[in-house]
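The task is simple: from the sequences and hints, build the whole structure.
Heads up: the sequence lines are chains A, B and C, in that order.
Position one of the first sequence corresponds to residue 84 (the numbering used here), numbered consecutively onward.
Position one of the second sequence corresponds to residue 63 (the numbering used here), numbered consecutively onward.
Position one of the third sequence corresponds to residue 874 (the numbering used here), numbered consecutively onward.
Bear in mind the hints are in silico, worked out from the structure with no lab data behind them.
Hints may be right or wrong, so weigh each one.
Computed footprint of chain A on chain C; a stretch qualifies when at least three of its residues, placed anywhere within it, have a C-beta under 8 Å from a C-beta of chain A [what the hints assert, rightly or not]:
1. 907-918
2. 975-987
3. 992-999
4. 1168-1174
Note that beta-carbon positions come from the ideal geometry of N, C-alpha and C, so glycine has one too.
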Amino acid sequence: MTEIFGIPIQAFLGQLLLGLVNGSFYALLSLGLAIIFGLLGIVNFAHGALYMMGAYVAWIALDKFGINYWFALVLAPVLIGALGIVIERTMLKRLYKLDPLYGLLLTFGLALVAEGIFRDQYGVSGQSYEVPEALQGATNLGFMILPNYRAWVVVASSVICFTTWFLIEKTRLGATLRAATENAPLVQAFGVNVPVMVMCTYGAGAALAALAGVLAAPVIQVTPLMGSNLIIVVFAVVVIGGMGSILGSIVTGLLLGLIEGLTRVVYPEASNVVVFVIMIIVLIFRPAGLFGKGS
Amino acid sequence: MKLKSIASALALIGLATVSGGAQAQYSGDVIKIGFITDLSGLYSDIDGNNGAEAIRMAIADMGGAIDGKKIELLVADHQNKADVAASKAREWFDTQGLDMLIGGTNSGTALAMTKVAAERKKPFIAIGPGTNRLTNEDCTPYTIHYAYDTVALAQVTGSQIVKNGGKSWYFLTADYAFGASLEKDATDVIKANGGTVVGSVRHPLSASDFSSFLLQAQSSKAQILGLANAGGDTINSIKAAKEFGITKTMKVAGLLVFINDVHSLGLPTAQGLLVTDSWYWDKDDQARAWSKRFFEKAKKEPSSLQAADYSSTTFYLNAVKAAKTDDGDKVMAQMRKTKINDFYAKDGYVREDGRMIHEMYLLEVKAQSESKYPWDYYKLVAKVPGEQAFLAPSKSQCSLIKKS
Amino acid sequence: MRPHEVSTTRLVGYGLLLLVALAVPFIGLYPVFVMKLLCFAIFACAFNLLLGYTGLLSFGHAAFFGSAAYATGWIVQSMSVTPEVGIVFGMVIAALTGLVVGLIAIRRQGIYFAMITLALAQMVYFVCLQAKFTHGEDGLQGVPRGRLLGLVSLDSDTAMYYFVLVVFIAVFLFIRRIVHSPFGQVLKAIRENEPRAISLGYAVDRYKLLAFILSTTIAGLAGALKTLTLGFATLSDVHWSMSGEVILMTLLGGLGTFLGPVLGAGIVIALQDLLADRVGSWVTVIIGAIFVVCVLLFRRGLVGEYEAWRIKRRAKARLQAS
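Below, the structure written as structure tokens:
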């Protein structure tokens, strides 16, 4: 039997596929962050907390109200998106004229508050969320057994990523949004309500985070700490991809999933750190990231 | 400025303790117990606030006082930081007249606290930390390691499962000192009992996804998947194992799993999991009776650590009563010559190295259909006497053990 | 009055603080707590030098604090050197780490600079986790305090306290000296308007690198002192949450002020210590809330806001007088 890196090629393919699954998840999670930074210039450290709250909305909906997964996929983004709009309106909009440092610190503080409250309420062992019936079970692909739910994650993530990219890069709405970030007064002079657009953009970013949370809930425990574990990695993905670029974070997310998958086979202890090594290498040769538009 | 208000507050405390006991047999005319554990982080469910509740129950059951001297409890959250734990312990000993320190979860904090207590010649009872170093390389005359340790977990899990036919193993280990020592101890036991370890993989702490590691485990074709990790990592490993159908071809043995972990996983996911623990709330009538009282306060069944919190506190207070003093050396001597016979342990005793020797259990998680009432999670697979479970004195590096 | 001179009221204020500091072991304040506070105050001052005076935000300052903490702990424990040698060794390690990080990061701006420092700090964390001598999450325990210069035993908390106090005062005065020197003026110019500084002919990158290394070395000093004070070094010294804490301390106290970081460190450490006694996970919530309130309302930090208020009052008084 042929071997790569000391493991049979069948197993290797299995690892690659798993890497792809994780990668599509990273892509989805970094999407909201990329939108918020790319279009609003805010370093949204609360992204992990919003993701966590999306997962909790899904869990609470099921546990207390019997609302199933499919409704939660819509409910969570709507609720958390609304929360995002409230945050933007009451706090973030005061910070636009200042150094981006302050937006970062504010969202960091908000993340701590959210996590602390949930931790107080729900403890840290976390809650279990069942895979929805339609997606249970697994398919034997020959070289590995892939749970159907993971396949669904890839599909859902691809659809969402593509739709978002299309909306922002190819439609009129997206063009207006991009123009507004480059020259707000001018766009406003054309009659576009820029503050409302900004508000909705932040809300959309938050909604995307929550959606990722609902998708993640059946796979990992729903705990108050699930966001803080991931937030730095997601940031790294956005930075590597280029902080203004939606396509950049999608591609980087996928690539990272694959590279991490390889690392898990070759040097598993380092699989958490490999993203930072990549980031340093990329930033040395391409200071604005892979698809960045220059500092 | 903030410093000034702290100054006045602590000055008052300083004056208060200076006035307290030089000659009194009970220092400060009060018996102070300090409990430092993780109240808000990764291990707050298995011990945490409910552990403090258990200690309060023990104090109340003692009547709240011994010889007319009040028993007080101080509680602090070490937030899984050794410097917070050590600083708090030091502060309590130096300014609050602390008489006894109980350490909750996290080995790093326990190692720091053990030194602080030894310097001040006060008893330190370690409940939650797993590291065997507390009664081995880092043993002191003032430390008692009460509940479990990594050696016992490894010995019981390894030996009993191999004896039952689980001969080939694959380890999924958390990449830190604790996980590594769990894996090593278990490997030694497995080999000594005639089993083999086919392979192992180390995952970073708080890994976001275990599917890749589990796939490697599956392709090893081992019979048993040994999980040398803890907390959220164990929970996520088990979840993923079920999801990827690993549980159909391998039996999963969790080397450090508490009942709270099983509770949050749910029986459908956790069924068939093999677990080693020092105590189970449903193991006999005495345990059930105490657990009922605990449940009324905490609305959850107790973990083995919370039971140990109560048991060790009662043990300490009884020793204080018998020795008629809270002097560290005298109470330690009293504890060393008394046996522990309560709902937690039968004929338990403190060895010279500070290890509390008692029975350990190998348990299996029931299927949903087998569970008749809430928290009815385990069936007993094997009982292992303390002398076999814990590190044999001949192998210990502790200077307190007299090698005969 | 020239800008570098200190007004009489200011001097009296400093004098009073000094008196309180000298009296600490005798007025019932727990010396170990104050020592911890001083160590973190030094850390915050070092960070402030970089952010407040040079305008560079580093997300990975824990790497320098922690690597020195481990280095000092290791050398004092395994080679039985005297404490001041251990501290110098720690500072050298922090400086070298700072040099490497600085060389990689310094040419980038703003958020990219911050992210590179974070990434490199995560790698330092990883190294510390894997290295055998750190004992991983058990931490490097049992570090002795030793005899200063081979003569004075630092085992007593009082002796150690005065040593730490002297070091703190030295660092404080040193930072004042740097900020008020020509070098410090260039740093300020770079913070205000980097392109103009370049056009004026300054080798901006070299100045920034130098400031960076200075900051990391002093952060290392703080870490080394902390290890000797508490007797151990653990992974939380190199964790990114430690980097976040020092940012909070400096922000809360006041960026670009001298006493600000000290006050900020004091408040955060005191809060953590006092709140540790309270049951529950509200420590994180409170710290998070402080972050939010600070950013929205007290952007200049407590000391910064106080200074701004004093300037406004003085200007008003001058206006009324004329």
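Evaluation of the provided hints:
{"no.": "1", "hint": "907-918", "result": "violated (count 0)"}
{"no.": "2", "hint": "975-987", "result": "holds (count 7)"}
{"no.": "3", "hint": "992-999", "result": "holds (count 5)"}
{"no.": "4", "hint": "1168-1174", "result": "holds (count 3)"}
Hint 1 from the earlier list is the only one contradicted by this structure; the remaining hints agree with it.
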